[in-house]
Amino acid sequence: MKLDDTIIAPRRCGKGMIENIVRFSDLLREIGISVSLPAVLDAIKGVPLIEISDLGAFQCLLRTNLVCRKDDIAKFDRLFYAYWLPKHPSRASISAETKGQDGEQPTSASLFDNMTELRSPTDASEKTDRPVTLRYSPDTLSKRGEPLELSFAQSQALYESISKLLHPLANRISRRFKYTIRGKEISLRRILRKNMQFGGELILLDFKKKKTKKRRVVFLCDVSGSMNVYTLMILQFVHALKRIDRLTEIFFFSTDLTKGTHLFQEGDFTTAISKLPQVISDWSGGTRIGHCLRRFNEVYGKQLLSGKSIVMIFSDGWDRGDVDVLKEQLRTLRQKTYKIIWLNPLSGVKNYQPICQGMNAALPFLDYFLPMATPQDIRILGRTLQAIMV
Amino acid sequence: MSTSEIFSSIDDIRQQLSNHRYITDQSLATVIYLSYHLHKPIFLEGEPGVGKTEVALVLADILATKLIRMQCYEGLDANSALYEWNYPKQLLRIKMDEQCNLSPEEMGQVIYSEPYLVKRPLLEAILSSQGNTPVLLIDELDRADEEFEAFLLEILSDFQVSIPEIGTLKATHKPVVVITSNRTRDIHDALKRRCLYHWIDYPDLEKEIKIIRVRVPDIEDSLAHQVSIFMQNIRREDLLKKPGISETLDWAEALLKLHRDVLDDETVELTLGCILKYREDIQKFRTSIWADPAKRSRLLTSYSNHEAG
Numbered sequence: 000m001k002l003d004d005t006i007i008a009p010r011r012c013g014k015g016m017i018e019n020i021v022r023f024s025d026l027l028r029e030i031g032i033s034v035s036l037p038a039v040l041d042a043i044k045g046v047p048l049i050e051i052s053d054l055g056a057f058q059c060l061l062r063t064n065l066v067c068r069k070d071d072i073a074k075f076d077r078l079f080y081a082y083w084l085p086k087h088p089s090r091a092s093i094s095a096e097t098k099g100q101d102g103e104q105p106t107s108a109s110l111f112d113n114m115t116e117l118r119s120p121t122d123a124s125e126k127t128d129r130p131v132t133l134r135y136s137p138d139t140l141s142k143r144g145e146p147l148e149l150s151f152a153q154s155q156a157l158y159e160s161i162s163k164l165l166h167p168l169a170n171r172i173s174r175r176f177k178y179t180i181r182g183k184e185i186s187l188r189r190i191l192r193k194n195m196q197f198g199g200e201l202i203l204l205d206f207k208k209k210k211t212k213k214r215r216v217v218f219l220c221d222v223s224g225s226m227n228v229y230t231l232m233i234l235q236f237v238h239a240l241k242r243i244d245r246l247t248e249i250f251f252f253s254t255d256l257t258k259g260t261h262l263f264q265e266g267d268f269t270t271a272i273s274k275l276p277q278v279i280s281d282w283s284g285g286t287r288i289g290h291c292l293r294r295f296n297e298v299y300g301k302q303l304l305s306g307k308s309i310v311m312i313f314s315d316g317w318d319r320g321d322v323d324v325l326k327e328q329l330r331t332l333r334q335k336t337y338k339i340i341w342l343n344p345l346s347g348v349k350n351y352q353p354i355c356q357g358m359n360a361a362l363p364f365l366d367y368f369l370p371m372a373t374p375q376d377i378r379i380l381g382r383t384l385q386a387i388m389v
Numbered sequence: 000m001s002t003s004e005i006f007s008s009i010d011d012i013r014q015q016l017s018n019h020r021y022i023t024d025q026s027l028a029t030v031i032y033l034s035y036h037l038h039k040p041i042f043l044e045g046e047p048g049v050g051k052t053e054v055a056l057v058l059a060d061i062l063a064t065k066l067i068r069m070q071c072y073e074g075l076d077a078n079s080a081l082y083e084w085n086y087p088k089q090l091l092r093i094k095m096d097e098q099c100n101l102s103p104e105e106m107g108q109v110i111y112s113e114p115y116l117v118k119r120p121l122l123e124a125i126l127s128s129q130g131n132t133p134v135l136l137i138d139e140l141d142r143a144d145e146e147f148e149a150f151l152l153e154i155l156s157d158f159q160v161s162i163p164e165i166g167t168l169k170a171t172h173k174p175v176v177v178i179t180s181n182r183t184r185d186i187h188d189a190l191k192r193r194c195l196y197h198w199i200d201y202p203d204l205e206k207e208i209k210i211i212r213v214r215v216p217d218i219e220d221s222l223a224h225q226v227s228i229f230m231q232n233i234r235r236e237d238l239l240k241k242p243g244i245s246e247t248l249d250w251a252e253a254l255l256k257l258h259r260d261v262l263d264d265e266t267v268e269l270t271l272g273c274i275l276k277y278r279e280d281i282q283k284f285r286t287s288i289w290a291d292p293a294k295r296s297r298l299l300t301s302y303s304n305h306e307a308g
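So the sequence lines, in the order shown, correspond to chains A and B. Sequential numbering from 0 applies to the first sequence in numbering that gives the first Met the number 0. Sequential numbering from 0 applies to the second sequence in numbering that gives the first Met the number 0.
Quick caveat, the hints were computed from the structure, so don't treat them as lab data. What you are looking at is a predicted structure, and each value in this text was computed from that prediction instead of being measured. Just so you know, not all the hints are guaranteed correct.
Unchecked claim - Taking lysine-lysine pairs in the DSBU-like style, the calculated list, with each CA pair at most 30 Å apart, reads: (1) B:Lys94 with A:Lys69; (2) A:Lys307 with B:Lys276; (3) B:Lys206 with B:Lys169; (4) B:Lys283 with A:Lys274; (5) A:Lys301 with A:Lys208; (6) A:Lys326 with A:Lys338; (7) A:Lys69 with B:Lys241; (8) B:Lys94 with A:Lys258; (9) A:Lys208 with B:Lys88; (10) B:Lys241 with A:Lys301; (11) A:Lys69 with B:Lys206; (12) A:Lys301 with B:Lys118; (13) A:Lys258 with B:Lys294; (14) A:Lys183 with B:Lys283; (15) B:Lys294 with A:Lys274; (16) B:Lys276 with A:Lys69; (17) B:Lys209 with A:Lys335.
Unchecked claim - Here are some chain A residues pointing at chain B (derived, C-beta under 8 Å): (18) Leu48; (19) Leu60; (20) Ile72.
Unchecked claim - Far from chain A, some chain B residues (derived; all Cβ distances over 10 Å): (21) Leu66; (22) Ala253; (23) Pro292.
For each residue, glycine too, the CB sits at the ideal point set by N, CA and C.
Work out the full structure: start from the sequences and follow the hints.
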């Protein structure tokens, strides 16, 4: 279903500006933009302030009040023209645009359609039947190599549940001061309060020290041919992690290493992901883990690693490179980091044994060796990180 | 000119901004206009170097008022944002008055009074607004943590603060508040909802040329064109950090200092550091963009195309 004039027209009404603004904000909510009541009130309050015949100013008034995310601006503008200017020429171009969309990487236009489909009242009953979180059957695991088909809505649901999972992490890590009975810095505030009873004579001392610093997570993601199925899920996890902890650094490797942190600065996961294949030249190529780790150690190691960092490597361990190089580089990495976590998508499979060359060589250097194939594994990873991050 | 005259209409604001050498489009002017009249903070997001902070500086200039700036950082807490007692000064006073036999209550009144209060930016904004409306800039909010956001929410809603020893202080005029964020982390919707949201994009060609002319008035028109075209093109490349308007202006200044009036191969190579700030970006530029003759000529010579068109 498209949000075209047949749906919008009955929603418009002739009762004046206020009524129409309220109806418009209802429509915004329906396409997934969260609009609060005070925001609507402020928008209405703003109407007398602007020149109402000036469409640009009116659009800006509504947008600045009702939208509070960059990713929603495009959606807002579309609906604005559809609702307030039913005959606007840009509408024709919108529908033409949506027809030719490639389903793999939803742009904001097809995304818009998806959203309206999901929220339309006609399939409301169907919607309630849908599971909220995504589950994978064991069958999917055995079909390695086939691309993971996730609808936009499912992917969104998964992303939301992952973000929720990470929430405790966001609140625990901090660099604020805390008060202690021993420490390096004297806390004058507390001392003065404590010693009031002695008439200002300083007898009891109090200290403060910094709360434990955050640990940096460096994520190395294998994007070689053998990884397609599971990559999306872990990338969502890392994207959510980057949102709460901006120290997080992201790298991709297969035959060579590519830095990907800047992609994940994008607030919208779909946009971030759609740019991946352009940046990574050897997507779905072979794997040379050792070589890539060496590149990482040489180029980024000094800058990013300290005794406090956590390195997460996501790979199945199928390695075509030199095993000795891999061992040597993992040893170097081990010395420079606090913990190394290896996430293996295969270790969730029944009877899996880490016997392949690369994995076998890597095992002695790892602190954690975790499976990564179901949403449950994400939860385990979240808990593990919580335990070691602070 | 009184402030009400200055902010009487959207076009007027736009004119004022450009008089103060800030070139903008109608939408930002509308947001500023609404913020001023609805008393809502402005929440500005955008890539680094597109002029978010500058908005607050220029606003303070136009309103001829004080700019109170609070730079956010990780670990920023209420004590460094709102107020703190000047403890060393209090201790000294206590020592000095030891012989005076003041009762503890009297002493308390002395040392917990305004001269012993260290005003941090938020308290300063509340107190100074008793005179005229100041501009409060809360810069790079995404660097502070979530606890601080919650605290800010409380302050921004009613601009009052309770200091146990003094009492409740309330602002008579709400300051003009500008909050900026680079989107390194999501700011909670609760805070954004209380603000007027605006996304500042990279400027288009026309606007960028205008900005250069206004900010670097001595530059030759042709060079300003060339620099803008170069920047517009290079932002289309996939770089770790795309250069913003501040880089454009730095570069234009640098070219002026070097007495160049044309952008040629050598000049670009010499001054690359002005626009690209990452080693990876410079490498990528050298190997895959600059080395490609077609791309190179597009970066440099689309000027003549533009002129022809």
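Hints and how they fare:
| no. | hint | verdict |
| --- | --- | --- |
| 1 | B:Lys94 with A:Lys69 | violated (56 Å) |
| 2 | A:Lys307 with B:Lys276 | holds (27 Å) |
| 3 | B:Lys206 with B:Lys169 | violated (41 Å) |
| 4 | B:Lys283 with A:Lys274 | holds (17 Å) |
| 5 | A:Lys301 with A:Lys208 | holds (27 Å) |
| 6 | A:Lys326 with A:Lys338 | holds (16 Å) |
| 7 | A:Lys69 with B:Lys241 | holds (18 Å) |
| 8 | B:Lys94 with A:Lys258 | violated (59 Å) |
| 9 | A:Lys208 with B:Lys88 | holds (23 Å) |
| 10 | B:Lys241 with A:Lys301 | holds (24 Å) |
| 11 | A:Lys69 with B:Lys206 | holds (21 Å) |
| 12 | A:Lys301 with B:Lys118 | violated (40 Å) |
| 13 | A:Lys258 with B:Lys294 | holds (23 Å) |
| 14 | A:Lys183 with B:Lys283 | violated (45 Å) |
| 15 | B:Lys294 with A:Lys274 | holds (21 Å) |
| 16 | B:Lys276 with A:Lys69 | holds (25 Å) |
| 17 | B:Lys209 with A:Lys335 | violated (50 Å) |
| 18 | Leu48 | holds (5 Å) |
| 19 | Leu60 | holds (6 Å) |
| 20 | Ile72 | holds (6 Å) |
| 21 | Leu66 | holds (22 Å) |
| 22 | Ala253 | holds (25 Å) |
| 23 | Pro292 | holds (21 Å) |
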